[in-house]
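When you get a sec, could you build the whole thing from the sequences and use the hints?
Keeping their order, the protein sequence lines are chains Z and A. Take 1 as the starting number for the first sequence in our numbering and just add one per residue. Take 1 as the starting number for the second sequence in our numbering and just add one per residue.
Derived from the structure by calculation, the hints contain no laboratory data. Note that the structure is predicted; figures quoted are calculated from it, not measured. Check each hint, because a few of them may be wrong.
[To be verified] So the derived label-pair ranges between C-beta atoms look like this:
1) A:ILE44 - Z:THR44: 50 to 60 Å
2) Z:GLU252 - A:ILE25: 30 to 40 Å
3) Z:LYS186 - A:THR10: 22 to 32 Å
4) Z:ASP200 - A:LYS240: 27 to 37 Å
5) Z:GLY157 - A:LYS240: 27 to 37 Å
6) A:LYS240 - Z:ILE54: 26 to 36 Å
7) A:LYS240 - Z:ALA150: 37 to 47 Å
8) A:ALA313 - Z:GLY139: 27 to 37 Å
9) Z:SER170 - A:PHE14: 29 to 39 Å
10) Z:ASN229 - A:GLY29: 33 to 43 Å
Beta carbons: idealized from backbone N, C-alpha and C, even for Gly.
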Amino acid sequence: MDNQVFPNDDFILTPDTVFPEDKHIVTPEKPIIEFRGVSKTYQTGTHALKDVNIQIHPGEFVFVVGASGAGKSTFMKLIMREEKANTGDVLVNGYNLTKMPRKQIPMLRRTMGIVFQDFRLIPTMDVFDNVAFAMHVVGEKPNVIRREVAKALSQVGLGHKARSKPAELSGGEQQRVGLARALINKPKLLIADEPTGNVDPNMSYEIVEMLSRINQQGTTVLMVTHEHNLVRDFHHRVIMLEGGTIVADNAEGTI
Amino acid sequence: MKIQSVKYLTREGFRNVWVNRLMSIASIGVLVACMVLIGMALLITKNVDRTMQTLEQQNVVMVYFNDKNSVIYGENAVAPNASDATASDGGATETNDIPESAYLVHNEQEALAVCENLKKIANVTSVEFISSDEALKRAKETVLEGQAAAFEILEEENGNPMSHGAKITLQSMENFDATISAISATSGVDSVVSHGDLAKKISGIKSAINLICFWIIGILGIISLVIVSNTIRVTMYNRKLEISIMKAVGATDSFVRLPFIIEGMLLGVISALISEGLIYFCYRVAGETMSETFNTLIPFSEEALLLLGIFLAIGIFAGAVGSAFMISKYLKKEGSEFKAL
Ligand SMILES: Nc1ncnc2c1ncn2[C@@H]1O[C@H](COP(=O)(O)OP(=O)(O)OP(=O)(O)O)[C@@H](O)[C@H]1O
Ligand SMILES: [Mg+2]
Chain Z
1 MDNQVFPNDD
11 FILTPDTVFP
21 EDKHIVTPEK
31 PIIEFRGVSK
41 TYQTGTHALK
51 DVNIQIHPGE
61 FVFVVGASGA
71 GKSTFMKLIM
81 REEKANTGDV
91 LVNGYNLTKM
101 PRKQIPMLRR
111 TMGIVFQDFR
121 LIPTMDVFDN
131 VAFAMHVVGE
141 KPNVIRREVA
151 KALSQVGLGH
161 KARSKPAELS
171 GGEQQRVGLA
181 RALINKPKLL
191 IADEPTGNVD
201 PNMSYEIVEM
211 LSRINQQGTT
221 VLMVTHEHNL
231 VRDFHHRVIM
241 LEGGTIVADN
251 AEGTI
Chain A
1 MKIQSVKYLT
11 REGFRNVWVN
21 RLMSIASIGV
31 LVACMVLIGM
41 ALLITKNVDR
51 TMQTLEQQNV
61 VMVYFNDKNS
71 VIYGENAVAP
81 NASDATASDG
91 GATETNDIPE
101 SAYLVHNEQE
111 ALAVCENLKK
121 IANVTSVEFI
131 SSDEALKRAK
141 ETVLEGQAAA
151 FEILEEENGN
161 PMSHGAKITL
171 QSMENFDATI
181 SAISATSGVD
191 SVVSHGDLAK
201 KISGIKSAIN
211 LICFWIIGIL
221 GIISLVIVSN
231 TIRVTMYNRK
241 LEISIMKAVG
251 ATDSFVRLPF
261 IIEGMLLGVI
271 SALISEGLIY
281 FCYRVAGETM
291 SETFNTLIPF
301 SEEALLLLGI
311 FLAIGIFAGA
321 VGSAFMISKY
331 LKKEGSEFKA
341 L
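Shown next, in the form of structure tokens:
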């Protein structure tokens, strides 16, 4: 059965199938995210993305910008396989998301950390459990969880708030909990759709600084933002979307 | 799934019952109501069954043999009196003139032989021979004061007026009519006295009550299932956020499902225990108030385990199946989406 549907398991990519042309090049050059002629049309008929081609390499920090309705969130949703492309291939962390069966989605998600604009913390759990939660999902042992969560919380400066409930924290603090949760399983890729949308400007800076530090330690970061000053002040690659197509792709924080 | 995960999710299931305690209390309440009704129905059936059984056991058939006295006094008494009226010159009744050929059972040996034949009939459990002397003795004992004299008059005239007979116990009421015909058709049997109609009515009532209780149990069982599904659906809706986060951090469908299933089962178990306690209490109160009229209620301890078993089965089944069903629907419908709430 399985063999008929996926004759070569070709949703899991080997270097050969991803880059037949650059077999000899060392792996760090292999993109962690690649869009090949990707279009997304919603059931309502909205063409959210049109023939998008892009490569993002491991270790990059990428801002995604554009007007409201440009397709930024759609772009992110395709990467986390919340939505599926109508045409083209989306390749992420070695998975071909357009060919991958639904059953594989949890495995894909475990290779990435996701930060949300609205934080998405579980209100009935305290800060510690909100972060630990992500480790329970992957079946970690309790003593490992205790150690790692304590470490992650002190990294985002919230070690002293471990037993607070999310409602007792400021927006910025909540987002740092969200960040700790996204990073707890040491993902290769961190994606964040407007992570600073609900926090004050000072906290925005702090959060992007944290993301930059994480990026320096090797995690690829992909972040949607509306805040031009962030893009200007943190010199990272900027991808600009407009009407569902990429209209600019600049290396160093210029729009 | 890893053992770590199972432990964690079991704890989560328990925590969910507490975190959503208002909803939990509501569904436990309805589940308990269903279970108590089911338990009542069951206990009523059981008690009716037992009462009926004792009535059925009293369903004994009396048989009178075709002997000299049955010819004179029995239901099927034939000619002698009529021929007497014409042939004799009235006055003395010449009962001793009845020829031996007019009846089939002439002595106790022959009566015992008939008993042996009666024993061979299917559905007959026991045959107790009652000689005419014994019958007279019993009749005198049971009959009211003044009427005893009537027997004495008869006795004085013709000796013991009673026929030989037998007390037959039937195994079941099912082939009652066929059994009675077989008994009547046995050579030497003169007449059969039974309370068959009463017995048949009783067994009719019994099956009606059983049927009603069966339907009550069935319908309430389905209601319990629906209620648990519904509770889980409501809590699912409340916990869309939680589920979306679970899926975002890479939880498999079964990982998302398990705490809900455990939550459902736990609600079932709690409801079962509460129901058992309530039923015990109600049954005792009922037993105490009724004891003046009926002191024959089955003791609760005899049915306690069965009831608890049924409650647990209903609760766990409704909990597990109801929540699994609900979540599968939800997982399919919402897929991996984690829309803003
Ligand atoms: N689930 C959906 N169903 C139908 N249409 C959708 C859906 N999600 C987005 N769209 C449409 O697709 C287009 C792109 O939406 P998208 O959310 O990607 O924009 P965005 O760049 O993230 O905008 P914003 O800056 O406001 O968040 C819009 O026209 C939007 O209305
Ligand atoms: Mg958006």
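Hints, verified against the model:
1. A:ILE44 - Z:THR44: 50 to 60 Å: holds (59 Å)
2. Z:GLU252 - A:ILE25: 30 to 40 Å: violated (60 Å)
3. Z:LYS186 - A:THR10: 22 to 32 Å: holds (27 Å)
4. Z:ASP200 - A:LYS240: 27 to 37 Å: Holds: the Cβ-Cβ distance is about 28 Å, inside 27 to 37 Å.
5. Z:GLY157 - A:LYS240: 27 to 37 Å: Holds, since GLY157 of chain Z and LYS240 of chain A (Cβ atoms, about 30 Å apart) stay within the stated range.
6. A:LYS240 - Z:ILE54: 26 to 36 Å: Given a distance of about 32 Å, which is inside 26 to 36 Å, the answer is holds.
7. A:LYS240 - Z:ALA150: 37 to 47 Å: violated (30 Å)
8. A:ALA313 - Z:GLY139: 27 to 37 Å: holds (32 Å)
9. Z:SER170 - A:PHE14: 29 to 39 Å: 32 Å Cβ-Cβ, so the 29 to 39 Å window holds.
10. Z:ASN229 - A:GLY29: 33 to 43 Å: violated (56 Å)
The earlier numbered hints that this structure contradicts are 2, 7, 10.
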